[in-house]
Amino acid sequence: MIVDDSEVDRFVHTKLLNLTGLAREVSEFSSGQSALNALKENKNTTNALPDIILLDIMMPEMSGFDFLAHFEHLVKQLDKKPVIFMLSSSDDEGDYRRANASPFVIRLLKKPFSPKAFKEMLEKLEF
Amino acid sequence: MSSTLQKKNIRILYLDDEENNLGSFKAAFRREYDIYTASTSEEAFSVLKKVKPHIIFSDQRMPVTTGVEFFNAVRQIFPDPVRILITGYTDINDIIQAINKGHIYRYITKPWNEHEIRVAIENAFDLYNTRRSLDNKIEELEKTNHELNRFIYSASHDLRAPVASSLGLMRVARYEVKDETAISYFDKIEGTLQRLDVLIHNIVDYYKNSRQDSELEQVDLKVSVEEIISTLQSSNEEPQAHVEFTIKDEVKFVSDAFRIRIILSHLISNAIKFKKPEQEKAKVYIDIKTGLEAVHIKVKDEGVGILEKHLKKVFQMFFKGQEHDVTGSGIGLYIVKEALDKLGGTIKVSSKEGSGTEFVLQIPNRI
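Those sequence lines, one after another, are chains A and B.
Start counting the first sequence at 39; every next residue gets the next number (the numbering used here).
Start counting the second sequence at 0; every next residue gets the next number (the numbering used here).
Just so you know, these hints were derived from the structure itself, not from any lab.
You may find that some hints are simply not true.
Computed list of lysine-lysine pairs in DSBU-like fashion (alpha-carbon distance at most 35 Å, straight line) [what the hints assert, rightly or not]:
1. A:LYS162 <-> B:LYS177
2. B:LYS247 <-> A:LYS148
3. B:LYS177 <-> A:LYS154
4. A:LYS162 <-> B:LYS299
5. A:LYS154 <-> B:LYS274
6. B:LYS299 <-> A:LYS154
7. B:LYS221 <-> A:LYS119
8. A:LYS157 <-> B:LYS177
9. B:LYS299 <-> B:LYS336
10. B:LYS51 <-> A:LYS148
11. B:LYS187 <-> A:LYS154
12. B:LYS280 <-> B:LYS336
13. B:LYS177 <-> A:LYS148
14. B:LYS187 <-> A:LYS157
15. B:LYS247 <-> A:LYS53
16. B:LYS247 <-> B:LYS288
17. A:LYS148 <-> B:LYS275
18. A:LYS162 <-> B:LYS221
19. B:LYS299 <-> B:LYS280
20. B:LYS51 <-> B:LYS109
21. B:LYS299 <-> A:LYS157
22. B:LYS341 <-> A:LYS162
23. B:LYS282 <-> B:LYS341
24. B:LYS311 <-> B:LYS297
25. A:LYS148 <-> B:LYS280
26. B:LYS308 <-> B:LYS251
Please construct the entire structure, taking both the sequences and the accompanying hints into account.
Below, the structure written as structure tokens:
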């Protein structure tokens with residue numbers, strides 16, 4: 039599941055995941071709210087829930103961190119618990135700290151998305 | 000003389016339990032200033048609420064509260080007005096204490112004369128205005144500082160976002176396009192974008208470094224260095240360097256984590272970047288030893304090296320040693336030096352052209 043308001047970035051991430059065969063299926067959402075809705079709708083359908091969420095930080099209305107706050111409540115109801123990688127063009131220390139402080143976030147990755155580094159991280163997590 | 004003076008908008012509150020005193024005070028000064036009087040502290044507080052005086056005079060000896068006690072209470076709620084006590088010589092010890100504690104600005108002994116009061120009012124009003132303009136300046140500075148913080152934050156996000164998107168697109172394109180001419184253009188575009196990326200990064204680091212106060216905390220150098228290396232290596236699809244990292248950190252190290260990161264990441268990134276054209280991968284050695292007094296850091300590479308005539312200039316802003324410097328913005332090492340200055344650290348560089356560069360740093364341990 040990709041949550042990013044930038045169309046180009048969604049395109050890039052989906053393409054790279056498909057080209058490298060890292061993902062079986064990719065779903066794109068342009069806002070945190072639409073992604074939350076999709077998770078709610080499919081909360082009891084394990085197959086329709088994502089394993090991994092790639093979450094952008096700077097989005098209008100609901101930022102990546104806002105999304106996390108909602109996700110924290112929602113996650114208990116989900117039949118499968120997705121892990122989250124935050125993705126951002128950020129260089130900001132504060133963002134890194136906040137991302138690291140969240141129990142749901144594996145890591146904050148700096149854009150551009152690197153399939154290779156991502157793959158290595160997944161291997162470490164034994165996906 | 001007083002009748003010819005132009006009335007100034009100075010608001011004065013005078014508290015005294017003796018109505019006679021209030022009357023004569025008012026008679027003497029009402030033509031020059033706005034005079035408000037009160038005979039109890041309750042009354043005085045209700046005046047304070049309504050008119051916000053610039054200066055308060057109070058008698059010391061009053062039946063319920065003394066002048067010093069009154070001022071002490073006023074100060075908590077209305078800190079702005081300048082406080083002046085009117086008193087007899089006999090109370091002098093209490094008065095001195097009150098002045099020393101900052102409860103009152105000055106005192107005037109009884110019986111007062113008009114000239115003395117007038118001088119006191121003018122001085123007190125100057126003080127009031129000076130304080131006010133200082134407060135305004137502080138407020139302005141805080142606003143500027145806040146705006147700068149927002150600028151830095153948005154620079155690190157919004158300015159970099161399109162660069163990152165473009166670099167991502169390049170990455171996709173490289174999977175799908177096989178035409179050699181096209182690829183040679185990709186290389187050039189990507190190089191240019193990376194250069195812009197480094198520049199944005201450096202500008203943000205520069206501002207953060209010049210602005211922030213040091214925040215001391217325990218710094219895990221092993222984790223910091225490993226993170227920096229992994230970030231640098233993952234910004235390209237293939238790792239660009241072979242890095243050997245040794246550390247002895249039995250002594251815990253306390254410093255400013257943000258500046259340590261700035262220093263290390265610029266040095267390590269340089270060591271990787273300036274490899275010789277014939278080297279397939281850069282070779283970088285990092286050695287760190289923590290001690291009670293300071294941490295010793297060595298960052299060494301086997302890259303192009305720096306010409307001897309340039310060695311002294313590498314820490315200057317916008318200095319670029321190479322004419323064909325691909326990704327340099329000329330401020331990396333300048334930022335390193337600035338950050339080190341803030342930490343009280345030192346850096347030495349030695350280099351031989353063609354056989355590599357070595358930076359040796361010493362940064363105080365604030366344990």
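(Q) So, against the hints stated earlier in the document, which numbers end up violated here? (A) Structure breaks hints 10, 15, 22 and 26.
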